[in-house]
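Participant: Letter by letter, the chains look like this.
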Amino acid sequence: MQVHGQGGLPSKSEDIIIKNFSLTYENRQVFSDFSLNLHSGKWNVLLGRSGVGKSSLLKAIAGLLPTRLFEGYIKRKDGTDIDGQISWMTQDDLLLPWLSILDNVLIRNRLRSSRNSTPLIKKEDATDLLEQLGLGNSLGQKPDTLSGGMKQRTALARTLLENRPIVLLDEPFSALDAITRAEMQELTFKYLENKTVVMITHDPLEALRLAHFIFILTGPIVCKAKYFSPESSPIRNLNNPEVMNLYDELISELSMSKGGKI
Amino acid sequence: MNSIRVIIVLVGLLILWHFTVEITSVPSYILPGPLAVIQTLGNQFPTLIKHAGYTLTEILLGFAIGTLLGCGSALTLATAKPLRAWLTPVLVITQSLPVFALAPILVLWLGYGLPSKVAMAVLIIYFPITAAFYDGLRRTPKDWQALAQVMNASPLAFLIHVRIPLALPSLASGLRVAIATAPIGAIVGEWVGSSQGLGYLMLHANGRMQIDLMFAALSLLALMAVTLYLTTDHLLNRLLKRMSLDDLKT
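For the record, the sequence lines run as chains A and B. Read left to right, the first sequence gives residues 16 to 277 (this note's numbering). Read left to right, the second sequence gives residues 815 to 1064 (this note's numbering).
So that you can see chain B by itself, here it is in the shape it has in the complex (with noise of 0.2 Å):
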């Protein structure tokens, strides 16, 4: 039903879109067809599949190495008490910098390749990792601590068996902003300096007035980014549901 709905929406946003081009005959260097831009798809389809693979790639590592580093941080900060008062500061500055201006200095240290886009996907997508579950985390009802404190339980064995399963939920949350804004970092990396992928291209193409071929590369990169987001929703809700925690309030 809810599949038939989205199609339903897309399908009209296109006609929409046609009759809009149509009716006020904009030209088509400001916003091209649909049709055009489903030609232009089907005609440009290997270069943008190269480029859509390599923007890609960038925000799978950087979601990956993002998630490992804020995992990381997040149980530190639970378990090790003297460190957080030193790492709280470096989360709050990740935070409120804004990572766009970072960009270009990231490109100058990192270079033009792979690994200044995945640290701009890292920087951005770390702090609402981090944040999520280091919230669950601090969350272990205060009777279960109390239970594995009389149980005389090793504080490690409680952490992964208690602590971190029932803290799932609120990391659920964090990776479904993260994979969502992962993105935005790979694509804000290859603005200010790349040579492949689909931002690289949406820039290029701008400067040849080949509109068509940007607004291609926008749909891919639309459609890239909703099937990642609705994957990851996918199988975050399965893992909690499997773990019948779906309807654990967090």
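Bound-form chain A, shown alone (with noise of 0.2 Å):
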């Protein structure tokens, strides 16, 4: 276990650097000067209280901040651009209501630009990841008649056939039962595998269960990230000695923080 600034795992020219991050949002200075290197291929997840500023942070690697809210880099380490390789998964499944399981999944042929070069995505494909998830018999159902762990099975099929090396999941569990949550917990790491993930989240239990990296953001203005990176790895069982171990831990860390309202 590590519990020290950035440094054990040596560094991949895919890893995303953020560095000399700062932002001020209406009036109040979130980030100061805030570095963060995220690994390549693995589970990073960022835990903070609410409102302690890691939407803001995922939204800026996602490119989806203005440019006058924030100074800073965020690029990969040889040095690219990580525009065009970025999914998206929220708690909301962001599922059109009027249309099919299958349609929506496919939803990104409809909405992309006729001279962008991004390939459509085949609908076997989709239909095949939606078996394997489960949702075979589901294919031509509307959202409104399936349970709230389908939708999110369904939101997470949409978000794999997108095919990107980076996936930012804000929160996607958390509206979740706890059983659901569980299951979408397993289903989301075993196919996002090799993929570079940055997760959101304010639950310490979720953060032992699913990363590779721990980061803890403190408030109220976020100037470095406490690094955790347990020995085992995940996906862990809760009754991990380790997990227990970390869980006071990080309990003790975020209690100390804290977090402001944005």
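Incorrect hints may have been included.
[To be verified] Think about it this way: if two alpha-carbon atoms lie no more than 30 Å apart in a straight line, the pair counts; the simulated DSS-like pairs of lysine-lysine are: (1) B:K1055 x A:K138; (2) A:K138 x A:K239; (3) A:K137 x A:K205; (4) A:K241 x A:K210; (5) A:K34 x A:K210; (6) A:K138 x B:K956; (7) B:K1055 x A:K210; (8) A:K34 x A:K137; (9) A:K27 x A:K239; (10) B:K956 x B:K895; (11) B:K956 x A:K90; (12) A:K92 x A:K27; (13) A:K27 x A:K210; (14) A:K210 x A:K138; (15) A:K157 x B:K895; (16) A:K157 x A:K34; (17) A:K137 x B:K956; (18) A:K137 x A:K210; (19) B:K1055 x A:K205; (20) A:K34 x A:K138; (21) A:K34 x B:K1055; (22) A:K137 x A:K241; (23) A:K157 x A:K27; (24) A:K239 x B:K956; (25) A:K137 x A:K157; (26) A:K157 x B:K1055; (27) A:K138 x A:K92; (28) A:K239 x A:K90; (29) A:K241 x A:K138; (30) A:K138 x A:K157.
Since the hints were made in silico from the structure, they are not lab data.
Both chains are given apart, each in its own frame, so use the hints to dock them into the complex.
Facilitator: Printed below as a string of structure tokens:
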């Protein structure tokens, strides 16, 4: 276990480097000169209390924040941009109620611009994946006939079919009941293997279950992230002694942090 | 069940009306009884239908044109930021100016015929449609906007496939208001200057003390307005239900 600054794993050229990141939102400074190294091909979990600025950071990585709001450098280690290599999954499944499950996961084909070179997602690929995710019998159904877990699995399928190397997860499991959440965590972990995953959560247990690397963001102004890298590899069982030890530590770190309101 | 209740209420009101006239023996040039009105409806049916058809044309044309203009404005407002600052005052003016005050001018400019009444109806429904649809378009969930941006979606495709359908429940509210108020525009237009239509017929009958004909025209107008509203409401509900948007909060 490492409880130090950035270190441990040798960095790879595909890692995402955040350097000198500063963000002021509505006259409140949220990040100041913040730096972070996100490991490629691993689950990087950003843990922090509500309002600490996790979402803003994730949005900045996704290129969703207007550049006038923040300063800093977010690129791959080799200097290449990460635009167009990202897919995005949120707590809200964002399924369109008038489209079938199959059409929902194929939505990118409708939304892509004509001059865009992104290849179309093949219908067979979508069907295969939905079948693997246990939705084979629901392809033609509309979202309002599905359970919360099935909807979230559909959203997962849509995210996976994007087939991008970086996946940003914005508290994707927080609206699910305990059982569905555990199932979804496992499924998502399994299907996002080898992708660079950046997930934000306020739940230390979720972080401990899924993360290769945990970064704790502490406010009110986030300057650096405390870094945890558990020795065992995810997915971890919650009765794993390391999880139990780290849980206390994470909780005490978090309780020292003051989250602001965003 | 519901329609039975409506019929009971209607019949009840008619009976109440009948006995009010009987008991108070109010002269028929003030308030004719329901039977007299029904009789006139029968006798003057061809005239009434002719004028009703004229008014209906005005309403439907006004509704169609107003809807097109309103949707066009809402789409412009939602997509073209620079134009927003210019269009908003126009919208506010069309809403805050009492449309009735414009009726004489419209008749002066567009004549006694159909166009001035259609223009009145258009003016009355333009704002509710624009406001409702624009409101819906503005409320595209933030997460969806983020998803579209990350997917590199084309703004036009995003508008067509996500934003407009998600705004349909709001547009539907605007359309309900519009179909309920469009007849007002048409009738006011006819009052100010016309030689046809139920509004004209009412004024005409009033001038000749044919109060029963006035009431017959009024009943027909009421029937038409209610039918238009219920039909529109029914069709909109069916569309939203088919799109599973019926319980979506807007």
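Participant: For every hint, state whether the structure bears it out.
Facilitator: Hints versus structure:
Between B:K1055 and A:K138 the CA atoms are separated by roughly 27 Å; this keeps the pair inside 30 Å, and the hint holds. Among the hinted pairs, A:K138 with A:K239 is inconsistent with the structure: their alpha-carbon atoms are about 44 Å apart, more than 30 Å. Taking the CA atoms of A:K137 and A:K205, the gap is near 22 Å; set against the 30 Å cutoff, the hint holds. At roughly 23 Å between alpha-carbon atoms, A:K241 and A:K210 fall within 30 Å of each other, so this suggested pair holds.
Distance hint between A:K34 and A:K210 is fulfilled; the C-alpha atoms sit about 22 Å from each other, no more than 30 Å. Our distance criterion of 30 Å between C-alpha atoms is met by A:K138 and B:K956, whose separation comes to about 28 Å. Of the supplied pair hints, the one linking B:K1055 and A:K210 is violated, its CA atoms being roughly 39 Å apart against a limit of 30 Å. Simply put, A:K34 and A:K137 have alpha-carbon atoms about 38 Å apart, too far for the 30 Å limit, and the pair is violated.
A C-alpha spacing of about 21 Å is found between A:K27 and A:K239, which places the hinted pair at or below 30 Å, so the restraint holds. For the hint pairing B:K956 with B:K895, the CA-to-CA distance comes to about 18 Å; that is within 30 Å, so the pair holds. Taking the CA atoms of B:K956 and A:K90, the gap is about 25 Å. The hint holds against a cut of 30 Å. The straight-line distance between the Cα atoms of A:K92 and A:K27 is roughly 7 Å, inside the 30 Å bound, and the hint therefore holds.
Between the alpha carbons of A:K27 and A:K210 the distance comes to roughly 14 Å, so the proposed pair stays at or under 30 Å and holds. The hinted pair formed by A:K210 and A:K138 meets the criterion: a straight-line CA distance of about 23 Å does not exceed 30 Å. For the hint linking A:K157 to B:K895, the alpha-carbon distance of about 34 Å lies beyond 30 Å, and the restraint is violated. A hinted pair counts as satisfied when its Cα atoms are at most 30 Å apart, and A:K157 with A:K34 does not qualify at roughly 44 Å.
At most 30 Å may separate the alpha-carbon atoms for a hinted pair to count; A:K137 and B:K956 meet this at roughly 28 Å. With a C-alpha separation of about 21 Å, the suggested pair A:K137 and A:K210 falls inside the 30 Å cut-off, and the hint holds. Proximity of B:K1055 to A:K205 is assessed by CA-CA distance (about 37 Å); at most 30 Å being required, the pair is judged violated. For the suggested pair A:K34 and A:K138, the alpha carbons sit about 40 Å apart, so the restraint of at most 30 Å is broken.
About 50 Å separates the Cα atoms of A:K34 and B:K1055, which puts this hinted pair outside 30 Å; it is violated. A hinted pair counts as satisfied when its Cα atoms are at most 30 Å apart, and A:K137 with A:K241 does not qualify at roughly 42 Å. A distance of roughly 42 Å separates the Cα atoms of A:K157 and A:K27; the hinted pair therefore is violated under the 30 Å criterion. For a cut-off of 30 Å, the pair hint linking A:K239 to B:K956 stands: about 28 Å separates their Cα positions.
A threshold of 30 Å between alpha carbons decides the hint, and for A:K137 with A:K157 the separation of about 20 Å falls inside it, so the pair holds. A distance of roughly 12 Å separates the Cα atoms of A:K157 and B:K1055; the hinted pair therefore holds under the 30 Å criterion. The suggested pairing of A:K138 with A:K92 is violated, with an alpha-carbon distance near 35 Å, which exceeds 30 Å. Distance hint between A:K239 and A:K90 is fulfilled; the C-alpha atoms sit about 18 Å from each other, no more than 30 Å.
At most 30 Å may separate the alpha-carbon atoms for a hinted pair to count; A:K241 and A:K138 exceed this at roughly 43 Å. With a CA separation close to 17 Å, the supplied pair A:K138 and A:K157 stays within the 30 Å bound.
Hint check: violations occur at hints 2, 7, 8, 15, 16, 19, 20, 21, 22, 23, 27 and 29; the rest are consistent with the structure.
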